[in-house]
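Engineer: Listed below are the residues making up each chain.
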Amino acid sequence: MIAGAALGLLQVFVVAAGAPLLVGVLRTLKARLVGRRGPSPWQPYADLRKLLGKDAVVSETTSWIFRVTPYVLTASMLVTALVIPVLVTRPPLGFAGNIVLLMYLFLLGTFFLALAGLDAGSAFGGMGSSREVAVAALAEPTVILAVFALALRAGTINLGGVVERVEAEPWLAVNPAHLLAFAAFFIVMLAETGRLPVDNPATHLELTMIHEAMVLEYSGRYLALVEWAAAMKLFLFLTLLANLFFPWGVTHLAEPVPVALGLLALVGKLAVLTTLLALVETSVAKLRLFRVPELLAGSFALAILSVMAVFLLR
Amino acid sequence: MEAGATDVAAGAPGTVEARLPAWHLPTLADRLAGAGASCQFVAAADARATTGVFALTYVFAPPTLRPAAIVRVAVPGAEARIPSLATRSFAASRFEREIHDLFGLVPVGHPDLRRLALHQFWPAGYWPLRRDVAPRDDFADEGQPFPFRRVEGEGLFEITVGPVHAGIIEPGHFRFSVEGETIVNLETRLGFVHKGTEKLFETLPLERAPELAERVSGDTSAGHALALCQALEALAGCAVPSRAAWLRVVLLELERLYNHVADVGMIINDTGFAFGHAHCFRIREELLRLNERVSGHRLLRGAILPGGVAGPVERAGLPEVAAVVERLVAEFGEIAQLSLDNTTVLERLQGTGRLTLRTARELGVVGLVGRASGIDADARRDAPFAAYDALGVRAVVYDGGDVLARTLVRIDEAREAARLIRAVAGHLPDGPTRAPLPPFDAGAEGFGLVEAWRGPVWYWAVAEGATRLARVKVVDPSFRNWPALEYAVLKNIVPDFPLCNKSFNLSYAGNDL
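Heads up: the protein sequence lines correspond to chains A and B, in order.
Take the first sequence: its position 30, counted from the start at 1, is 29 in numbering that gives the first Met the number 0, and no numbers get skipped.
Take the second sequence: its position 221, counted from the start at 1, is 220 in numbering that gives the first Met the number 0, and no numbers get skipped.
To be clear, the hints were calculated from the coordinates, so they are not data collected in a lab.
Note that beta-carbon positions come from the ideal geometry of N, C-alpha and C, so glycine has one too.
Hints may be right or wrong, so weigh each one.
What the hints assert, rightly or not - FRET-style restraints, in silico, Cβ to Cβ:
| hint | chain 1 | residue 1 | chain 2 | residue 2 | range |
| --- | --- | --- | --- | --- | --- |
| 1 | B | Glu291 | A | Gly297 | 43 to 53 Å |
| 2 | B | Gly217 | A | Leu278 | 35 to 45 Å |
| 3 | A | Ala45 | B | Glu291 | 32 to 42 Å |
| 4 | B | Glu319 | A | Phe12 | 56 to 66 Å |
| 5 | B | Gly195 | A | Ala45 | 52 to 62 Å |
| 6 | A | Leu106 | B | Arg214 | 46 to 56 Å |
| 7 | B | Glu153 | A | Val99 | 48 to 58 Å |
| 8 | A | Gly297 | B | Ala389 | 54 to 64 Å |
| 9 | A | Pro292 | B | Asp340 | 45 to 55 Å |
| 10 | A | Val279 | B | Ile167 | 21 to 31 Å |
| 11 | B | Gly142 | A | Ala55 | 25 to 35 Å |
| 12 | B | Glu291 | A | Asp54 | 37 to 47 Å |
| 13 | A | Glu59 | B | Ala139 | 17 to 27 Å |
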C-alpha cells in the first residue's frame with residue numbers, strides 16, 4: 000500500500016518535474032536544427048520561477064472560471080499522471096486507468112481552457128477558444144480510435160493491461176494495426192498539444208494563435224500554471240506514445256531496480272520521440288487553419304484502418 | 000495643357016509645369032485621366048504671410064511617374080476651400096483628407112472627411128501646419144468612437160486588433176468584420192505616431208534636416224535622406240558630383256537588400272517555417288555589418304548629405320563590398336529556394352492576400368506591392384535619379400498579386416541590387432564626392448523622388464531664406480499602399496492576415512509622420 004502510494008508520487012513527480020525539461024530540450028533541439036544556439040534546456044524552469052514570483056493581473060470582467068481554470072488544468076494533468084503507465088503498468092489509480100477516463104481528463108482541461116478564453120471577453124480569447132474546440136472535436140475521436148485498436152488486440156481498455164499485453168507479445172509492436180495506430184496518435188498529439196503544423200507555439204502573432212490566444216489574458220502565477228500544465232500535457236502524450244506502442248521497460252514490479260530501469264527506458268524513449276517531434280516541427284510550416292481538418296481527417300482514417308487491421312489480421 | 004492654365008513651362012526632364020485656378024482642377028484631372036495620368040502627389044504650403052494664399056502643388060502622372068504634370072494652385076487664405084478630386088482619384092482623396100486635417104483647407108465635395116493624419120484627441124480647429132498657429136496642449140478624449148464602417152448581419156462579428164500588439168511592432172488599429180474566420184471587411188486606423196515631422200523641418204537647422212529625414216521611417220534611412228537631398232539640390236540648383244551619385248546607388252541598394260532579405264525571412268517565419276527565418280536573419284545581420292563597414296552606420300545613416308555623400312563610404316573598397324554582397328545574395332537565394340520548395344510553405348503563400356491589378360490601379364498602389372500586382376513601374380528606371388540612368392535597372396514585375404508574388408519580387412530585386420552594386424564597383428568614376436549647396440532663394444522649391452525599397456519616396460521642399468525651409472512635404476510609399484491591404488485581405492481568413500500584412504510590410508511611422 001505504502002509502496003503503491005510512493006510509486007504514485009514518483010510518477011507524478013517524474014511528470015511534473017520532467018515536463019519543463021522536455022519542453023526546454025524540444026526548444027533547444029529546434030533552435031539547433033535551424034542553426035541557432037537557442038536557450039538552455041533548463042530555461043522553462045527559470046520562466047516558471049519568474050512567473051510564479053509575479054502578481055497576476057486579472058480582468059475585471061472575468062468570472063470564477065478564469066481563476067479556477069489554471070488549477071483545473073494542472074490538477075487534471077497531475078491526476079492523469081496517476082492513471083497512465085508512466086513507470087509501472089499498474090499505477091495507484093491504474094484500476095480506473097482506462098481510455099475513456101483518459102480522454103475525459105484531457106477534455107476537462109480543454110473545456111475549461113476554452114471557457115476561460117471566452118471569459119475575459121477579448122476577441123483573441125474567443126477566436127482561440129473557437130479554434131481549439133474545432134480542433135479538439137476533430138482530434139478526440141482519433142485518440143479514442145487509435146487506442147481502441149490497441150485495446151481490441153489486448154482485450155482490455157485498461158491502459159496498464161494494454162502495456163502488459165504488448166510487453167508479453169513483442170511482435171505486436173511491428174504489426175500493421177499497431178504502426179497505423181501509432182501514426183494516427185502521433186498526428187493527433189501534434190494537434191492536442193498545439194505543435195506545428197497545427198499551431199505554432201513560438202508565434203507572437205495574436206491572430207494566428209490557437210492555444211496561445213486562449214491563454215493571452217493570463218499572467219503571473221496563473222500563466223505559470225497554464226504553461227506548466229501545457230508542458231505536462233505534452234509530456235503525458237509523448238509518454239503514452241512511448242509506453243503504449245513501445246512498452247519495453249515499463250515494469251509491473253513495484254521494486255526500486257525495475258522502476259529505475261523503467262525511468263531510464265522512459266528517458267530514452269522520450270529522447271527519441273522529442274527528436275522526432277523537433278524534426279517534424281522544423282521541416283513543416285504551419286498549415287492554413289482550414290487545412291487542419293484535412294490533416295486530422297487523415298489521422299482519423301489511419302486510426303480506422305488500424306482498427307480494421309485488427310479484425311482483418313486476426 | 001489647357002483649361003485656363005497659365006505659365007505653362009517645361010520643368011525637369013519629363014515634366015511640365017503650370018499654374019491653374021483652383022476651380023479648373025476637376026476638368027484638368029478628367030482630361031489628364033483620359034491620357035492615363037492620375038493624381039500622384041498633392042501638397043499644401045501656407046504662404047499667407049508672403050503672398051496671402053495657400054499654395055498647393057499637384058502632380059499628375061501615369062504609374063511610371065513620367066511624364067508628369069506639376070500643377071500649382073493658389074487658394075486665397077480667407078477662402079480656404081479647394082475643389083475635391085476625391086471622386087476621381089483615390090490617392091487624391093487621401094491627400095485631401097491629410098490637408099484637411101493639417102491645414103484646415105476644406106476639399107469641397109469630398110465624400111469622406113473623417114480624420115486621417117491626426118488622432119481624435121487633437122482639438123477641433125487646431126491645424127498644426129498653418130504657420131501662424133500657436134502650439135496647444137488641450138488634447139482630450141472627446142469620448143466619441145471613431146466612425147468605422149459598420150458591417151452588420153447574422154453571424155458577423157467585429158475583431159479589434161491593436162493599436163498595441165502582442166509583438167513588438169508599431170501601433171496601428173485594425174478593425175476586422177468577420178464571418179467565422181473569413182474577413183468580410185477590414186478598416187485600418189493609423190496616426191497613432193503622428194509626431195509633427197513635417198513641422199519640425201520648418202524649424203530645424205538645415206544641416207540637421209538629413210538626420211530627421213533618416214528617422215522618418217527607420218528602415219528607409221537612405222531612401223528618405225536621398226529624397227530630401229535631391230529636393231534640396233533641385234531647389235538650390237546644386238549639381239551632385241558623379242562619384243557621389245554612383246555611391247548613392249550603392250547605399251540605396253544596400254538598404255533595399257537588407258530590407259528584402261529581412262522581409263522574406265519574416266514572411267517565411269509567419270508560415271511557421273523557422274529554418275528560413277533563422278537563416279534570412281543571419282544574412283540580414285551580415286548585411287547590417289557590411290552597412291556599418293561601408294557607411295559607418297548599420298542603417299546607413301549619416302552617409303547621404305545635400306550635395307553628395309560623406310563619411311567612410313568615400314573610401315569604401317567597393318569591389319570587396321560587391322563580392323560580399325554577391326556571396327550573401329547567393330546564400331539568400333538558396334535559403335529562399337529551399338523554403339519555397341517546401342510545399343507546406345508554398346501552400347501558405349500561394350493565392351493568399353491577392354491584390355488584383357485592377358484594384359491596385361484603382362487604389363493607385365505604388366512600389367513593390369504594385370509590381371507584384373503587375374504594375375510595371377520603377378522610378379529607378381522610369382524617372383532615373385542618382386546614377387541609375389547610366390546603370391540601367393531591370394524592373395521586377397509579377398502579376399500574381401498574392402503573398403508569393405510579393406515574396407518573389409523581393410527575391411529578384413535582391414539579386415538585381417547585387418548586380419547594381421557590382422556594376423557601380425566596376426565603373427565608379429573618380430572625383431569629388433560632395434559639392435557645396437548654394438544658398439536658397441526664398442520661395443524656390445524642389446522635388447526629390449527616390450525609388451526606395453518599398454516604393455517611391457517623395458520630398459517637396461520650399462525655401463524661406465538662404466538656409467531656411469518654409470515647408471517640407473514627405474510622402475512615404477506606405478501612405479499610398481496602406482488602403483490596399485484592406486482589399487488584399489478580403490475573403491482571406493483571419494489567421495492569414497499577419498502573412499498578408501508582412502508581405503506588404505508598410506511603415507506606420509512613415510505614414511503617420
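Engineer: Output the numbers, in ascending order, of every earlier hint that fails for this structure.
Structural biologist: Result: hints 5, 7 and 9 break, sorted rising.
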